[in-house]
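Protein chains in written order, with the numbering used here: chain U, 8 to 104; chain F, 531 to 985.
Errors might be hidden in some of the hints.
Listed next, the in silico DMTMM-like pairs over lysine to aspartate or glutamate satisfying Cα-Cα at most 20 Å (straight line) [to be verified]:
(1) U/91 to F/840
(2) F/950 to F/773
(3) U/91 to F/827
(4) U/58 to F/874
(5) F/790 to F/976
(6) F/917 to U/36
(7) F/913 to F/827
(8) F/950 to F/896
(9) F/555 to F/533
(10) F/543 to F/533
(11) F/917 to U/43
(12) F/917 to F/600
(13) F/650 to F/976
(14) F/950 to F/983
(15) U/58 to F/896
(16) F/790 to F/773
(17) F/917 to F/775
(18) F/790 to F/967
(19) F/917 to U/28
(20) F/950 to F/783
(21) F/790 to F/840
Selected chain F positions facing chain U (in silico; Cβ < 8 Å) [stated by the list, open to error]:
(22) 792
(23) 795
(24) 828
(25) 829
Computed Cβ-Cβ distance ranges for the label pairs, DEER-style [to be verified]:
(26) F/575 to U/76: 42 to 50 Å
(27) U/81 to F/539: 41 to 49 Å
(28) F/805 to U/61: 34 to 42 Å
(29) F/746 to U/81: 49 to 57 Å
Hints are computed from structural coordinates only; laboratory data are not their basis. Glycine included, each C-beta is placed from N, C-alpha and C at the ideal position.
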Amino acid sequence: MSVTRDEVLRIARLAELEVDEETLPELSEQMSRILDYVAQLSAVPANGTVKIFVPGPDAIRFRTDEVSPWPLAFGPAEFAPAFKEGFFVVPRLDQFE
Amino acid sequence: MSDAKAIADRLTKVRRLNALLTPSKDLRKSLTAQAAAARPTGVLYGMPVAVKDNICTLEFTTSCGSRILEGYRSPYEATAVAKLKAAGALIAGKTNCDEFAMGSSTEHSAYGRVIHPLDKARVPGGSSGGSAALVGSGAIPAALGSETGGSVRQPASFCGVVGIKPTYGRVSRYGLVAFGSSLDQIGVFGRSVHDAARVLSVISGRDPRDSTCEDRDPLRLPTVPESLQGFVIGLPREYFPPELDPGVRRACERAVRFLKEQGAAIREVSLPHTAYAVPTYYVLAPAEASSNLARYDGVRYGPRFNGAADLRSLYRSTRGQGFGPEVRRRILVGTYVLSAGYYDAYYRRAQQMRALIAQDFRNVFDRGVDLLFTPTTPTPAFKAGEKLGDPIAMYLSDIFTVTANLAGLPAMTLPIGRVKGLPIGGQLIGQAFLEDEMIEAAYALERVVPATDEA
């Protein structure tokens, strides 16, 4: 299988990632190779009865229901790229897609 | 107690490795302040521990080896770091790593590649290559790293040091920058089994701030055993393929003889789904990464790459310019395998395979095997640039380490000899939450194996 240039662009839009025109051929070539490589998983018979394995605790542990703020050493004004009067500042949304 | 200036001097002497991202001046100043404040009763009092740059610290910036977090100061610190400080340890700066821990050579850092401490033409492994190189150079006794697919054990093996990845849920991940959340764990590097184990024991244990961290007491440090009498150690045949590097094979065979001499019973076993571990990993990890890395959008933190007229192009230009090529590739692959029409073929299949890989281990452990012994990596440290053009070749250097991450099991590497001067690591894989047994076996092997001799 191979990933076309248009597919890379479609996926990049989904991922909100700008890709340069000149890197497109290399990117589609590498994505194709990676996806071809992982496609060997399909050689294994799909087994609907396999229970999905996720490590970690079997159940979510509940905490006591009380407000206990973990204070930050400093506020967002110090790490945000643009912050004004308690808000993160961004350019306007051009249009809804 | 080593004094702050001496620690800073030792780290400054190995600047050529490009292993430390913290400027010498900042490091010296912070170490002096930390030493004055450190609790003299702590079990790690005065011990310098360097921390991988994807673990949040208040003392230093946390860039994850990425331009997209260049200069970022976290307003909180990781639980593991807080525990180290409470035990009297000194945080000895932030170590260089592959961007967002994605890589196996530490060549994918936005701040330049890390140099192998014994051979400047080679890589230290990755992604925690900076931590491994610093411990390997002898500048510090221990460091923190993180693992998603082998990012502590693989570089530890390349640099001739001890590296431990604990059981998933053993150490809190609060303050570890997320990559693949069903796989990520903080791990430790040490110049000896004891140094690594005591740091692990300090950072382990319950944390209400991380719901994936198990409600357990910190790891109890085992004592050095008299012998390995009663231990059954399995050798999975899939980890000793015909194409295994002959030097690695020789070193492993010698280590197995030492394990036997120490009284362990050796049994050949099989983990039949091993060959599918790397493809499984390279579906699941990028899928989780594509979701976790959605938060870097130039709005709330990190630099903003401008020229953006509207919000959407702000996202796209910041992410496009802020992420390096390997991270971009993985975000795209991850988005692809989760997208409509491909989810079942890739993501669901990989999840099923992960369950089969975990079952392989349970089958072996259920039949009376206590631990597994394998090579940590298929080859010694490779040359810089050798695998950069071939992502699959790079991914395959994690072939013996990803399985423990997929199954959530504890695993560690220790140096078992050298081949043409390059360190070889032997891996022990243990049962969930039985790190103490694994560490006991490592103590016994470390005591007898001539780790710096040619195998």
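We went through each hint and held it up to the structure:
1. U/91 to F/840: Since the Cα atoms of residue 91 of chain U and residue 840 of chain F sit roughly 18 Å apart, the hinted pair holds (cutoff 20 Å).
2. F/950 to F/773: holds (19 Å)
3. U/91 to F/827: The given pair, whose Cα atoms are some 18 Å apart, holds under the 20 Å limit.
4. U/58 to F/874: holds (15 Å)
5. F/790 to F/976: holds (14 Å)
6. F/917 to U/36: Holds. Residue 917 of chain F to residue 36 of chain U sits at ~16 Å (cutoff 20 Å).
7. F/913 to F/827: violated (35 Å)
8. F/950 to F/896: violated (39 Å)
9. F/555 to F/533: holds (16 Å)
10. F/543 to F/533: holds (16 Å)
11. F/917 to U/43: holds (18 Å)
12. F/917 to F/600: Not OK: residue 917 of chain F and residue 600 of chain F at ~26 Å, beyond 20 Å, violated.
13. F/650 to F/976: With Cα atoms ~27 Å apart, residue 650 of chain F and residue 976 of chain F exceed 20 Å; violated.
14. F/950 to F/983: Between residue 950 of chain F and residue 983 of chain F the Cα gap is close to 10 Å, so the pair holds against 20 Å.
15. U/58 to F/896: The given pair, whose Cα atoms are some 19 Å apart, holds under the 20 Å limit.
16. F/790 to F/773: Since the Cα atoms of residue 790 of chain F and residue 773 of chain F sit roughly 25 Å apart, the hinted pair is violated (cutoff 20 Å).
17. F/917 to F/775: At roughly 17 Å apart (the allowed maximum being 20 Å), residue 775 of chain F and residue 917 of chain F satisfy the hint.
18. F/790 to F/967: Judged against 20 Å, a Cα distance of about 16 Å means the pair holds.
19. F/917 to U/28: violated (25 Å)
20. F/950 to F/783: Judged against 20 Å, a Cα distance of about 17 Å means the pair holds.
21. F/790 to F/840: violated (67 Å)
22. 792: Nearest chain U Cβ about 31 Å off; hint violated.
23. 795: violated (28 Å)
24. 828: holds (6 Å)
25. 829: holds (6 Å)
26. F/575 to U/76: 42 to 50 Å: violated (31 Å)
27. U/81 to F/539: 41 to 49 Å: violated (31 Å)
28. F/805 to U/61: 34 to 42 Å: Check failed, 22 Å falls outside 34 to 42 Å.
29. F/746 to U/81: 49 to 57 Å: violated (33 Å)
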